[in-house]
Amino acid sequence: MILLVYLAVGAVAGVAAGLFGVGGGLVIVPALVVCFSFLSVAPEVTMQLAVGTSLATIVVTSLSSVRTHHQLGNIDWSCWRSLAPGIALGVVFGVATAASLPGQVLKLAFGIFSIVIAAYMGFGRLPSASRQLPKAIGLAAAGTGIGYFSAMFGIGGGSLTVPYLSWCNVRMQAAVATSAACGLPIAVVGSASNMVAGFGQADLPEYSFGFIYLPAFIGIALLSAPCAKFGALLAQRLSAKRLKQSFAMFLLLVGGQFIWGAL
0 MILLVYLAVG AVAGVAAGLF GVGGGLVIVP ALVVCFSFLS VAPEVTMQLA
50 VGTSLATIVV TSLSSVRTHH QLGNIDWSCW RSLAPGIALG VVFGVATAAS
100 LPGQVLKLAF GIFSIVIAAY MGFGRLPSAS RQLPKAIGLA AAGTGIGYFS
150 AMFGIGGGSL TVPYLSWCNV RMQAAVATSA ACGLPIAVVG SASNMVAGFG
200 QADLPEYSFG FIYLPAFIGI ALLSAPCAKF GALLAQRLSA KRLKQSFAMF
250 LLLVGGQFIW GAL
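For the sequence shown, the residue numbers in numbering that gives the first Met the number 0 are 0 to 262.
Treat the hints as calculated values from the structure; they're not laboratory data. Mixed in with the good hints there might be a few duds.
Stated by the list, open to error - For lysine to any residue, the following SDA-like pairs were computed, each having C-alpha atoms within a straight-line distance of at most 20 angstroms:
no., residue 1, residue 2
1, Lys-134, Ile-74
2, Lys-134, Trp-166
3, Lys-134, Arg-170
4, Lys-228, Leu-6
5, Lys-228, Ser-245
6, Lys-228, His-69
7, Lys-228, Thr-67
8, Lys-134, Asp-75
9, Lys-134, Asn-168
10, Lys-134, Trp-76
11, Lys-228, Pro-214
12, Lys-134, Ala-173
13, Lys-228, Ala-10
14, Lys-134, Val-91
15, Lys-228, Gly-72
16, Lys-134, Leu-88
17, Lys-228, Val-11
18, Lys-228, Arg-66
19, Lys-228, Gly-144
20, Lys-228, Gln-70
21, Lys-134, Gly-144
22, Lys-228, Ile-74
23, Lys-134, Ile-111
24, Lys-228, Leu-71
25, Lys-134, Pro-204
26, Lys-134, Leu-100
27, Lys-228, Leu-62
28, Lys-228, Leu-213
29, Lys-228, Asp-75
30, Lys-134, Pro-84
31, Lys-134, Phe-92
32, Lys-228, Ala-7
33, Lys-228, Phe-249
34, Lys-134, Ala-83
Claimed, not checked - Label-pair restraints from in silico Cβ distances:
no., residue 1, residue 2, range
35, Pro-101, Ile-1, 20 to 28 angstroms
36, Leu-237, Arg-66, 15 to 23 angstroms
37, Tyr-206, Asn-168, 40 to 48 angstroms
38, Val-33, Ser-238, 27 to 35 angstroms
39, Ala-201, Leu-233, 38 to 46 angstroms
40, Ala-7, Val-195, 27 to 35 angstroms
Think of the CB as a built atom: it goes at the ideal place given N, C-alpha and C, for glycine as much as any other residue.
From just these sequences and the hints, can you work out the full model?
Encoded structure:
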């Protein structure tokens, strides 16, 4: 039964990854928190285990999503090359912070973070017509912040990368596609860091590899990749305004769920 749940989570997360460029973490993390409570995982490590497992599955999801977006010609690889080094550095520090915080604090912080981003995407001001992407150093600095918070919350970076690129007047489809590509270094470095951070940690369930729970990883990964391709194709067909509104509503619902669970 629990395997069916992981498969369902993988399917929904995959569509979200391709559609919103979020790497699926905004679906996976809250779903795993619920699953782990039924498995009687110690509350002290539930959130960290969900975050680490989410990042591991995003490796698989991102590969499929990036391939589809690349075929559609929407990824700005020049922008990605400037963002990626900063992202990798930020991820290392983000994982260290998440490992040291109490689970309830991490839940509350993530809920607030999601709602703030949702409010910006749904109701924020339009970017100035003269605003453009900064130079390589500015993008690397932005990448550090994106990597830090993405690794802390187990998301693919889309909740920060998409609004940031949109703010810099990048076309919405290109922002989503480039964000999906940025999810790959976040996931790879984040997974490795969570393996190290969780090594020898007490109270982890059997079949855990650091802060990565292997049964959940396998179940989610089986469907997340093919469903990410469907989400990427759907993103290509939606208008920029509709895509932005859908993204904001998605974040609002997830953020409210996290705040409710933390209180």
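Report task. Mind checking the alpha carbons of Lys-134 and Asp-75 for me, to see if they're no more than 20 angstroms apart? Result -> Holds, at roughly 14 angstroms.
Query raised in the report: Taken at face value, is the distance from the CA of Pro-84 to the CA of Lys-134 at most 20 angstroms?
Result: With Cα atoms ~14 angstroms apart, Lys-134 and Pro-84 stay inside 20 angstroms; holds.
Query raised in the report: Using the C-beta atoms of Leu-237 and Arg-66, is the stated range 15 to 23 angstroms upheld?
Result: 20 angstroms, holds
Requested in this report: Verify the proposed pairing of Lys-134 with Leu-88, using a straight-line Cα cut of 20 angstroms.
Outcome: 18 angstroms, holds
Query raised in the report: Holds or violated: are the alpha carbons of Lys-134 and Ile-74 at most 20 angstroms from each other?
Result: The hint holds at about 18 angstroms.
Query raised in the report: Hey, Lys-134 versus Phe-92, does the alpha-carbon distance stay inside 20 angstroms?
Result: Distance of about 24 angstroms is beyond 20 angstroms: violated.
Report task. Please test the hint of 40 to 48 angstroms on the beta carbon pair from Tyr-206 and Asn-168. Result -> 46 angstroms, holds
Query raised in the report: Does the alpha-carbon distance linking Lys-134 and Ile-111 stay inside the 20 angstroms limit?
Result: Violated, at about 30 angstroms.
**Report entry** 20 angstroms Cα cutoff - pair Lys-134, Arg-170
**Finding:** With a Cα-Cα distance of about 18 angstroms, the restraint between Lys-134 and Arg-170 holds, given a limit of 20 angstroms.
Query raised in the report: Is it true that the CA of Lys-134 sits at most 20 angstroms from the CA of Trp-76?
Result: 14 angstroms, holds
Requested in this report: Given the hint that Lys-228 pairs with Pro-214, test it: the Cα-Cα distance must not exceed 20 angstroms.
Outcome: 23 angstroms, violated
**Report entry** Pair hint Lys-228 and Gln-70, alpha-carbon separation not exceeding 20 angstroms
**Finding:** 11 angstroms, holds
Hint compliance for this structure: hints 11, 14, 19, 23, 25, 26, 28 and 31 are broken, all remaining hints hold.
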